[in-house]
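Visitor: Kindly generate the complete structure, drawing on both the sequences and the hints.
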Amino acid sequence: MSQSVQRSDAELLLGRYAGRVALYFALVGLGIVFVSPLLWLVSSSLKPESQVLAYPPQWIPRPVRFINYAEVMQTFPFWRSAWNTMVIVTGTMVGHLFTCSLTAYAFARIRFPLRDALFVMVLATLMIPYHVYLIPQYLLFRELNWLNSSKPLIVPFLLGQAPFYIFLMRQFFRTIPKEYDDAARIDGSGWFGIYLRILLPLSYPVLGAVAIFTFMAHWNDFLAPLIYLNEPKKQTLAIAIRTWEALRLQAGAKPASWNHIMAVSVLLTLPPMLVFFFAQRYFIQGVVMTGIKG
Amino acid sequence: MLTFHRQWRDSWRSKLLRDEMLFGYAALIPYLAGFLIFVAGPLAYSLWLSFTQYNILQPPVPVGLDNYKALIEDPLMWKSLENTAVYSLVSVPLQVILGYALALMLNQQVKGLSAWRTVYYVPAVVPIVASAYLFSYLFNADTGLVNLLLKMVRISGPNWFGSPDWALRTFIIMNLWVSGGGMIVYLAALQGVPTALYDAAKIDGANAWQRLWAVTVPMTSPALLFMFMIGIIGSFQVFTSVFIITSGGPVNATLMYVLYLYRHGWSYLQMGYASALAWVLFAIIFGLTYLSLRVSGRLVHYEV
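From first to last, the protein sequence lines are chains A and B. Okay, so the first sequence: first residue is 12 according to the numbering used here, each after it adds one. Okay, so the second sequence: first residue is 647 according to the numbering used here, each after it adds one.
Derived by calculation from the structure, the hints in this document are not laboratory data. Keep in mind that the hints are not guaranteed to be accurate.
Just a sample of chain A residues kept apart from chain B, beta carbon distances all over 12 Å, derived [as the list claims (entries may be wrong)]:
#, residue
1, Pro48
2, Arg76
3, Met97
4, Met104
5, Leu218
Ranges of calculated distance between the beta carbons of each label pair, as one might list FRET restraints [what the hints assert, rightly or not]:
#, chain 1, residue 1, chain 2, residue 2, range
6, B, His947, A, Pro67, 45 to 55 Å
7, B, Val941, A, Leu64, 48 to 58 Å
8, A, Phe288, B, Val941, 48 to 58 Å
9, B, Leu682, A, Ala33, 24 to 34 Å
10, B, Pro721, A, Pro266, 31 to 41 Å
11, A, Ala264, B, Leu711, 43 to 53 Å
To give a feel for the contact side, a few chain B residues facing chain A, derived at Cβ under 8 Å [claimed, not checked]:
#, residue
12, Tyr677
13, Gln754
14, Leu794
15, Val799
16, Ile801
17, Gly827
18, Ile830
19, Trp855
20, Trp859
21, Val863
22, Phe885
23, Tyr914
24, Leu915
25, Ala929
26, Ile931
For every residue, glycine included, the Cβ atom is placed at its ideal position computed from N, Cα and C.
Guide: Encoded structure:
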């Protein structure tokens, strides 16, 4: 305290000013480092092939070749893979939003013997890495003849096998006052009615977060589609790029040039980016709520 | 709950309670069915498989502890474990520090907070497959942006992903690019620290550095621990970026544990050995989680 009293106001102001300038310098510098890979991605996707290897590096494509995307689409099955991906994303989302929330509702609100023991079991499954199930599940789906279909990637989630989301929704449901349930019951609503008409409508923040992260996780999922979807026709976007490259090489074509690979990567990145920019508030809330980083 | 049990037993005829209970079980049927088919069953089967030799074509042959014995003597298993541990234990702390530093900077009443937040967070939204292709281009030895920029200041850059010395480091650098995800969490935690604590510290004569260590860090330590734990668990399972960029090379410099498991399962069709690898991974992750929870009891400050 005595020290700061001795300093003159001018000194304090100057120190504060210098600190602010340093702060903004650091923010701008780091900001450039964080954003430039993305700018390079987009810029490269629009360059002519000759410019991709240019030295010194050129940020502005000359000429701007939107036709790169059209060229890529001639060989890369974008729409088919995007459709396959959306089927899986939609299926898992239905599972997460309905089955997981119904399960969470039972754990949060309904009283029945063994409820808490069962909930502890759900939490315990959170600890188990996916790779422990990977092999037996693969063998099971192989037995069921489900390989090269989207079923292995959807059905477990339709049956609510997402313990983290069950946990998240249960915690959220418990913050909703029970008086609402009682009021609804007095008005003649059943247990399912309370879930459908009281809890779900009051739970948009958590349902929104789950929907967004389901989309992100299954749009980006790599290992499971890699294992289950060998047939190029059935593949999702994330793994179709590799197949596309491999098939080109097999056909004796030269490897895809960087501008084309970057164009495909932009196509893959665009949908999550759009979701992020249109639902930014839910997105940020969701990250804070879950610690899932996107 | 206990009184409820008694109540429930005494009044089985109470239609209300019986209905509630029946609804509870009915609501859990889909989940429990899924649990038995996709979790409990596979878990037991996987454990059994880890004691067998199984190539999918012929039925599994029990071999006792052979897989686990072979695993201990498998130099590639140790190599993959070492790579994974180095990657995890270096990249996660760096990521936490960078994310926390960004959050601290953005918490200084900067102008245009949400714009800055977007700038730092946006890389975390890029699909991992896209960033894998992007980074293998950026760090390409001859045509990559990084080496071109280094060339402009007359430094000849290394071969990054192509060099046995640099490949793992390059993955660590790549992982720093998504530090913005943690930043969002820390920023929320920082905004929750009561300003009264800072006022009190100022009155006690604490300077900015002391305030950081005595107030800010302890008050946000639950968020730090949580992100650290999630980060370690997640990075121990790293697969996609390595599979796409280097497939474990050069000379196994980036052979990661899950990649090695994948190879045994789906390239060599050694499902028994791969199952044993999976259970070892489970044990490691369990141990790491337990350890960080124990340590956190001493280091992390929870508001009561």
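Visitor: Which numbered hints turn out to be false for this structure?
Guide: 1, 8, 9, 15, 16, 19, 20, 21, 23, 24, 25
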